[in-house]
Amino acid sequence: MAHHHEPVLKDDDKRRLGAGARSFGLTAIVVGIIALLAAVGVSQLKGVGGWERFGYAYVVNYSFFLSITLGGLFMVLITHLFRAGWVVAVRRIAEVIAANMPVMAVLFVPILLYVFMGNGMLYPWAQGDGDTGAGHALVQPYDAQIVTVSAEPASHDEAQAGEGHIPGHGTTADAGQVSEAKDAFFAKRREAHASLEHILIPIKSAYLNPGFFTGRWVFYLLVWSGLGWYYLKNSVAQESGNSVKLTRRLEKLSAPGTLLFALTITFAGFDLLMSLDPVWFSTMWGVYYFIGSMMSVVATMILALLALQRFGYLPSVSVEHYHDLGKLLFMTVFFWGYIAFSQFMLIWYANLAEETYWFEKRGVTTQEGNPFISGWTCVSLVLLFGHLFIPFLGLLSRWIKRSRKCLAFWAVWLLVMHWIDQWWVVMPNYSSPSVPLPTVEILCLVGLGGVAVGTTVLRATRQGLIAAGDPRLGTSLGHVNPY
Amino acid sequence: MAQVLDSPDISTASDAPAKLHGIIAEFETVNDIMRAAKKTRDEGFKRWDVHSPFPIHGIDAAIGIRPTILPWIVLACGLTGTMVGLMLVLGTMATDFDVPGLPGAVAPIRGYKFLISGKPFNSLPAFIPVIFETTILLSAFGAVFGMLIMNRLPKLANPLLKSVNFRRSTADRFFIEVEARDRRFDKDKTAEFLKGLGAVSVELIED
Numbered sequence: 001m002a003h004h005h006e007p008v009l010k011d012d013d014k015r016r017l018g019a020g021a022r023s024f025g026l027t028a029i030v031v032g033i034i035a036l037l038a039a040v041g042v043s044q045l046k047g048v049g050g051w052e053r054f055g056y057a058y059v060v061n062y063s064f065f066l067s068i069t070l071g072g073l074f075m076v077l078i079t080h081l082f083r084a085g086w087v088v089a090v091r092r093i094a095e096v097i098a099a100n101m102p103v104m105a106v107l108f109v110p111i112l113l114y115v116f117m118g119n120g121m122l123y124p125w126a127q128g129d130g131d132t133g134a135g136h137a138l139v140q141p142y143d144a145q146i147v148t149v150s151a152e153p154a155s156h157d158e159a160q161a162g163e164g165h166i167p168g169h170g171t172t173a174d175a176g177q178v179s180e181a182k183d184a185f186f187a188k189r190r191e192a193h194a195s196l197e198h199i200l201i202p203i204k205s206a207y208l209n210p211g212f213f214t215g216r217w218v219f220y221l222l223v224w225s226g227l228g229w230y231y232l233k234n235s236v237a238q239e240s241g242n243s244v245k246l247t248r249r250l251e252k253l254s255a256p257g258t259l260l261f262a263l264t265i266t267f268a269g270f271d272l273l274m275s276l277d278p279v280w281f282s283t284m285w286g287v288y289y290f291i292g293s294m295m296s297v298v299a300t301m302i303l304a305l306l307a308l309q310r311f312g313y314l315p316s317v318s319v320e321h322y323h324d325l326g327k328l329l330f331m332t333v334f335f336w337g338y339i340a341f342s343q344f345m346l347i348w349y350a351n352l353a354e355e356t357y358w359f360e361k362r363g364v365t366t367q368e369g370n371p372f373i374s375g376w377t378c379v380s381l382v383l384l385f386g387h388l389f390i391p392f393l394g395l396l397s398r399w400i401k402r403s404r405k406c407l408a409f410w411a412v413w414l415l416v417m418h419w420i421d422q423w424w425v426v427m428p429n430y431s432s433p434s435v436p437l438p439t440v441e442i443l444c445l446v447g448l449g450g451v452a453v454g455t456t457v458l459r460a461t462r463q464g465l466i467a468a469g470d471p472r473l474g475t476s477l478g479h480v481n482p483y
Numbered sequence: 001m002a003q004v005l006d007s008p009d010i011s012t013a014s015d016a017p018a019k020l021h022g023i024i025a026e027f028e029t030v031n032d033i034m035r036a037a038k039k040t041r042d043e044g045f046k047r048w049d050v051h052s053p054f055p056i057h058g059i060d061a062a063i064g065i066r067p068t069i070l071p072w073i074v075l076a077c078g079l080t081g082t083m084v085g086l087m088l089v090l091g092t093m094a095t096d097f098d099v100p101g102l103p104g105a106v107a108p109i110r111g112y113k114f115l116i117s118g119k120p121f122n123s124l125p126a127f128i129p130v131i132f133e134t135t136i137l138l139s140a141f142g143a144v145f146g147m148l149i150m151n152r153l154p155k156l157a158n159p160l161l162k163s164v165n166f167r168r169s170t171a172d173r174f175f176i177e178v179e180a181r182d183r184r185f186d187k188d189k190t191a192e193f194l195k196g197l198g199a200v201s202v203e204l205i206e207d
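Taken in order, these protein sequences are the chains called A and B. Counting in the numbering used here, the final residue of the first sequence is number 483, and the numbers go up one at a time with none missing. Counting in the numbering used here, the final residue of the second sequence is number 207, and the numbers go up one at a time with none missing.
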């Protein structure tokens, strides 16, 4: 159907990043390392929280940058799987981001050190030396406890049960007694979540133990690094011939690659974030982490393209490519909301103590004796509006997706929201209901950000910025969105 | 059916004088039709269209098609769906008030007020799936039926199908159709104009 002349690359499209980018990358890495050292220093100050605080701050930001790197890999895999034409002109950005995975593997080492310190500072399941199995004095299963507590207010009024959250509150003479019993119950539960004394911990220890954890992460990082390296290598190799054959080969690999990616990102999400609270579980967690990852990489690609075009690179990337990235950004915003709400609603509805506790800590559901107010409640509301409703309405219009300025605004906005999302997931395990001022966290953000961005920019200087050998490049350059 | 379609004279069966539907002009190449479409657009015609065997990049701009208002219809329908869903769940689950009626009588309005695992009757999280679904449902209705109505579909017959030449619009020819209801339409002048654009044939189409 090529009844028009296929556009060809301009000279500036083939231009490589120069010395300026190289020195920017090196500077970013140096700034990053200084910021990381500063984060360690600040965390050791009195009252900040020491190594424990630093560990959590590190996980927040490791998770943030890992999600962007993984998102890059996903963009490469899925567009090969779909044989997408439109993406070819901008795909090299995602390829380079994905190829930076070995750096993320090195940055994972501090987390392993926390695991192998054996005091459960970061991951409670990692404490002790393997005696987390039988022999521990287990607390009662929660269900039994709940029966004990709620059996007390026997005179609670059936007709009023639906009107408030707490059954029978304020209606009986022994209300004080009941609330004391509840306080004790919640205190016990808080303790049990933080220690090994929960019935689920020994059961989960077959999966959550330092040895298996390390083995899994070696596997994940090898798979991701290998895929990222292979796709970038072959995409570059296309420029010196064999382009159709190589594209076929990459497309063939993308099917098992996507499958492997789905499994590894799901379990990585479980390991890195969910197991910070070893009692809690949500089968939706993998999808939740994945969609944040895809959203952040689309936002990153938009910002990277805008930055490159500002310096005169990639003149052939047109408003049509931004429009398509904007559509993906809009989709991921809504899908994030869909998944986040579904996860919340199922847990809220089923009302199992092991699960609801996670949302209580984040101030989403009632805090016993202190209904619905904590610092984390505000953060949760910021996410509800800032990560879902406001950007949903903001990205709804077609002209916004076709305006570079508007798209840049929403890309920055959503990256900030994605960071707040990671912070909201990780930090309440360290401190709740009080919200610690994110000082160490922001220093770690600059630190890991400097290293990750710097190494990615250095990686980007090693080849052209456009997949010049891809047989679908012409399709991509001439791509037009009819709607 | 094939026989009927093959007979071009089928439309003259009626005794009433046939009303002019419009004029079609036939073009041979994509370049010809693009050039002709731009000129027709610039001439100021509003009720006209291009028929082609396959999609042509850039033809929308060449015809001068303005953006559709369909998204606004969908948005309005979606918001209506949100309100309908909200009132449905609140009305059936959580209503509890009296409406004063005739002197001395009140009409009690009560929802079902099912007590589900001790949750409040008015539980927004549980209602959101319903509200979401009604929003999607009415948006989809707005999109599908809005599109059908704005395109005047379904249309069981089109006068253009009477033309034998026009059948090649699904094979290897491109057509411009100018409708008689266009304000600038004039049987002779428009035909002359279309011929001037390089049409290989120009044909009057009757209703």
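Do not take every clue at face value.
Said to hold, decoys possible - Covered stretches of chain B (in silico footprint by chain A; criterion: 3 or more residues with CB under 8 Å from a CB of chain A, positions within the stretch not fixed):
hint, region
1, 52 to 66
2, 123 to 129
Said to hold, decoys possible - Straight line, CA to CA, 20 Å or less: simulated SDA-like cross-link-like pairs of lysine to any residue:
hint, chain 1, residue 1, chain 2, residue 2
3, B, K38, B, L70
4, B, K119, A, S342
5, B, K119, A, E355
6, A, K327, B, I59
7, A, K327, B, L70
8, B, K38, A, T356
9, B, K38, A, S225
10, B, K113, A, K252
11, A, K327, B, A143
12, B, K187, B, T170
13, A, K252, A, D271
14, B, K119, A, T356
15, A, K327, B, V74
No lab work stands behind these hints: they were computed from the structure. Remember, it's a predicted structure, so these values are computed and weren't measured experimentally. In this text, a Cβ means the ideal position worked out from N, Cα and C, and glycines have one as well.
Results for each hint:
| no. | hint | verdict |
| --- | --- | --- |
| 1 | 52 to 66 | holds (count 6) |
| 2 | 123 to 129 | holds (count 4) |
| 3 | B/K38 <-> B/L70 | violated (25 Å) |
| 4 | B/K119 <-> A/S342 | holds (18 Å) |
| 5 | B/K119 <-> A/E355 | holds (16 Å) |
| 6 | A/K327 <-> B/I59 | violated (23 Å) |
| 7 | A/K327 <-> B/L70 | holds (18 Å) |
| 8 | B/K38 <-> A/T356 | violated (63 Å) |
| 9 | B/K38 <-> A/S225 | violated (52 Å) |
| 10 | B/K113 <-> A/K252 | violated (56 Å) |
| 11 | A/K327 <-> B/A143 | holds (19 Å) |
| 12 | B/K187 <-> B/T170 | violated (26 Å) |
| 13 | A/K252 <-> A/D271 | violated (30 Å) |
| 14 | B/K119 <-> A/T356 | holds (14 Å) |
| 15 | A/K327 <-> B/V74 | holds (18 Å) |
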